[in-house]
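> Given these sequences and hints, build the entire structure.
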Amino acid sequence: DFLSAKELPYDSPPQVIYRIDDHRFVTLEHYRDCNYGNTFYNDTKSGIHSYLGRGTVENFQGRVINADPTGRNLVFPAATPPHTVCGDGERGCNPTMAYSTDGGRTFDGMTYIKGSFNPYEESKDFTITATTDAVYVTRKLGNTSSKTTTTKYPMRHGFVYLSKETLPAGMHIEHSVPAPGGMQTPSGQDHITCDASIKPTNPDAVLR
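Take the sequence shown: its position 58, counting from 1, is numbered 58 in the numbering used here, and each next residue is one higher.
Honestly, the hints are just simulated from the structure, not real lab data. All residues carry an ideal CB built from backbone N, CA and C; glycine is no exception. One or more hints might be untrue.
[As the list claims (entries may be wrong)] Below, a list of computed lysine-lysine pairs in the DSS-like style, where the Cα atoms sit at most 30 Å apart: (1) Lys114 / Lys124; (2) Lys147 / Lys114; (3) Lys45 / Lys199; (4) Lys114 / Lys164; (5) Lys199 / Lys124; (6) Lys199 / Lys164.
[As the list claims (entries may be wrong)] Label pairs and their calculated CB-CB ranges: (7) Ala205 / Pro168: 42 to 48 Å; (8) His83 / His191: 38 to 44 Å; (9) Lys6 / Leu141: 41 to 47 Å; (10) Ala205 / Thr144: 41 to 47 Å; (11) Thr106 / Lys147: 31 to 37 Å; (12) Pro9 / Gly87: 44 to 50 Å; (13) Phe159 / Tyr51: 19 to 25 Å; (14) Arg156 / Leu207: 36 to 42 Å; (15) Lys147 / Arg105: 34 to 40 Å; (16) Lys114 / Lys45: 32 to 38 Å.
Below, the structure is given as structure tokens:
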């Protein structure tokens with residue numbers, strides 16, 4: 001019901017759950033709680049208010065770093081709410097990350113986990129970083145190990161990863177590359193945060 005509702009009826013005030021700088025940030029809106037709402041990317045200087053998803057970005061538990069100084073490349077990974085069934089019970093599901101190559105005016109998606117039965121918990125193992133030329137997906141290997149593996153996805157305006165097109169000439173996905181060092185979001189924020197004390201006055205509103 002939550003995912004298929006035409007509109008979310010909750011009257012909760014928008015709250016910033018991830019900030020890049022003084023004018024670029026992600027808001028959670030019309031949420032029942034910190035795991036169930038709509039997320040939007042905002043750029044107040046450019047007048048951008050782009051929809052990212054419902055019950056998605058607010059549930060990512062890993063690190064997300066937007067470090068492209070040009071502002072063109074952006075990434076906002078997603079997960080599912082906690083304690084929810086993911087997939088058909090046999091194959092799991094494939095959580096995506098919303099990415100933009102035009103400063104947040106438009107977003108496309110690409111998979112960063114395949115066959116996950118619990119993306120909410122599994123997303124804790126990931127650090128996802130946007131730079132001037134690529135998105136790096138770094139995953140921790142095991143709960144007791146400090147080892148990681150990193151995949152580099154080159155970014156080019158106009159190319160959509162979930163399309164059936166082949167990568168343009170000169171572009172290729174690189175596996176087992178070094179994780180980018182010294183990268184940080186201008187604000188310093190690297191996790192999605194949400195103030196759980198902020199609630200709607202109508203949490204039991206009927207979904208239509």
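> Against each hint, give a clear statement of whether it holds in the structure.
Comparing the hints with the structure gives:
no. : hint                        : in the structure
1   : Lys114 / Lys124             : 15 Å, holds
2   : Lys147 / Lys114             : 20 Å, holds
3   : Lys45 / Lys199              : 29 Å, holds
4   : Lys114 / Lys164             : 18 Å, holds
5   : Lys199 / Lys124             : 25 Å, holds
6   : Lys199 / Lys164             : 42 Å, violated
7   : Ala205 / Pro168: 42 to 48 Å : 47 Å, holds
8   : His83 / His191: 38 to 44 Å  : 20 Å, violated
9   : Lys6 / Leu141: 41 to 47 Å   : 42 Å, holds
10  : Ala205 / Thr144: 41 to 47 Å : 44 Å, holds
11  : Thr106 / Lys147: 31 to 37 Å : 36 Å, holds
12  : Pro9 / Gly87: 44 to 50 Å    : 28 Å, violated
13  : Phe159 / Tyr51: 19 to 25 Å  : 21 Å, holds
14  : Arg156 / Leu207: 36 to 42 Å : 39 Å, holds
15  : Lys147 / Arg105: 34 to 40 Å : 38 Å, holds
16  : Lys114 / Lys45: 32 to 38 Å  : 37 Å, holds
In the structure shown, a violation is registered for the earlier hints numbered 6, 8, 12, in ascending order.
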